[in-house]
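Novice: With the sequences and hints as input, model every part of the structure.
Okay, so the sequence shown: first residue is 0 according to numbering that gives the first Met the number 0, each after it adds one.
One or more of the hints may lead you astray.
[Stated by the list, open to error] PhoX-like mimics (lysine-lysine), calculated; alpha carbons at most 20 Å apart, straight line:
#1 K23 to K116
#2 K25 to K76
#3 K25 to K119
#4 K116 to K76
#5 K70 to K163
#6 K116 to K71
#7 K119 to K163
#8 K119 to K71
#9 K23 to K122
#10 K23 to K119
#11 K25 to K69
#12 K116 to K25
#13 K71 to K163
#14 K70 to K23
#15 K122 to K71
#16 K70 to K122
#17 K122 to K25
#18 K166 to K119
#19 K69 to K23
#20 K116 to K70
#21 K25 to K71
Hints are computed from structural coordinates only; laboratory data are not their basis.
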Amino acid sequence: MYLLSQIFGFAAIVVAYFIYQQGKRKNVILLKLIADVLWVLCFVFVGGYTGALTTFVSIFREIVFYNRFKKKWAGSKFWLCLFMGIYIFIGILNIENIFEILPTLASSVSTIGYWNKNVKAFKLISIPVSLCMLIYNIYCMSIAGIWNEVITLSSIIIFSIREKWNKK
Numbered sequence: 000m001y002l003l004s005q006i007f008g009f010a011a012i013v014v015a016y017f018i019y020q021q022g023k024r025k026n027v028i029l030l031k032l033i034a035d036v037l038w039v040l041c042f043v044f045v046g047g048y049t050g051a052l053t054t055f056v057s058i059f060r061e062i063v064f065y066n067r068f069k070k071k072w073a074g075s076k077f078w079l080c081l082f083m084g085i086y087i088f089i090g091i092l093n094i095e096n097i098f099e100i101l102p103t104l105a106s107s108v109s110t111i112g113y114w115n116k117n118v119k120a121f122k123l124i125s126i127p128v129s130l131c132m133l134i135y136n137i138y139c140m141s142i143a144g145i146w147n148e149v150i151t152l153s154s155i156i157i158f159s160i161r162e163k164w165n166k167k
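Specialist: Here is the structure:
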């Protein structure tokens with residue numbers, strides 16, 4: 000099962016790397032949706048059930064947020080509050096140790112980032128999210144998850160350098 004979890008995790012890494020190279024919000028969310036499906040499978044097979052549960056909820060969050068500017072129903076702040084509430088509820092139900100809080104915290108913060116219209120702000124918000132998940136993946140002993148967060152942080156740095164370079 001562990002090997003299977005890592006296969007899903009490394010597949011998610013390939014998809015996730017390109018999230019932070021996107022300039023359009025809809026592309027960021029679409030790639031995040033694909034990566035999240037793969038991460039749910041990775042976390043389930045590695046035994047990281049809080050991570051799997053919060054990531055599973057995130058799949059629905061991405062579907063709603065993808066439609067935020069297309070469909071009136073998806074633009075309501077109700078969704079922001081609902082997803083934040085669900086993540087907090089998951090966190091309360093799964094408090095076994097400090098590490099189990101990290102996916103809940105990461106999902107809550109990233110929800111604010113994905114709700115935001117500003118792609119640059121989303122990417123900056125992703126730094127503490129990625130750090131939380133890095134620690135959680137170390138706790139779960141998910142090699143793929145650890146690599147993902149290292150690559151994610153690297154990708155954010157590359158984006159920031161490109162942004163500064165393009166402004167000159």
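Novice: Work down the list of hints and note, for each, if the structure agrees.
Specialist: Hints, verified against the model:
Taking the CA atoms of K23 and K116, the gap is near 10 Å; set against the 20 Å cutoff, the hint holds. In summary, the hint linking K25 to K76 is supported, as the alpha carbons are separated by about 18 Å, within the 20 Å threshold. Annotation: proposed proximity of K25 to K119 holds, straight-line Cα distance about 14 Å (limit 20 Å). Pair hint K116 plus K76 holds up; C-alpha atoms about 13 Å apart against a cutoff of 20 Å.
Pair hint K70 plus K163 does not hold up; C-alpha atoms about 34 Å apart against a cutoff of 20 Å. Taking the CA atoms of K116 and K71, the gap is near 16 Å; set against the 20 Å cutoff, the hint holds. Pair hint K119 plus K163 holds up; C-alpha atoms about 12 Å apart against a cutoff of 20 Å. With a CA separation close to 24 Å, the supplied pair K119 and K71 exceeds the 20 Å bound.
Among the hinted pairs, K23 with K122 is consistent with the structure: their alpha-carbon atoms are about 12 Å apart, no more than 20 Å. Under the criterion of a C-alpha separation no larger than 20 Å, the hint pairing K23 with K119 is consistent with the structure, at around 10 Å. With a CA separation close to 10 Å, the supplied pair K25 and K69 stays within the 20 Å bound. Taken as a hint, the K116 and K25 pair is honoured in the structure, with Cα atoms around 10 Å apart against an allowance of 20 Å.
Our distance criterion of 20 Å between C-alpha atoms is broken by K71 and K163, whose separation comes to about 35 Å. Only pairs whose Cα atoms come within 20 Å are accepted, and K70 paired with K23 is accepted, the gap being roughly 18 Å. Restraint check: the Cα-Cα separation between K122 and K71 comes to about 25 Å, which exceeds 20 Å; the hinted pair is violated. The suggested pairing of K70 with K122 is violated, with an alpha-carbon distance near 24 Å, which exceeds 20 Å.
A distance of roughly 14 Å separates the Cα atoms of K122 and K25; the hinted pair therefore holds under the 20 Å criterion. Taken as a hint, the K166 and K119 pair is honoured in the structure, with Cα atoms around 14 Å apart against an allowance of 20 Å. Taking the CA atoms of K69 and K23, the gap is about 14 Å. The hint holds against a cut of 20 Å. Between K116 and K70 the CA atoms are separated by roughly 15 Å; this keeps the pair inside 20 Å, and the hint holds.
With a C-alpha separation of about 16 Å, the suggested pairing of K25 with K71 holds against the 20 Å cut-off.
Consistency note: the structure conflicts with the earlier hints numbered 5, 8, 13, 15, 16.
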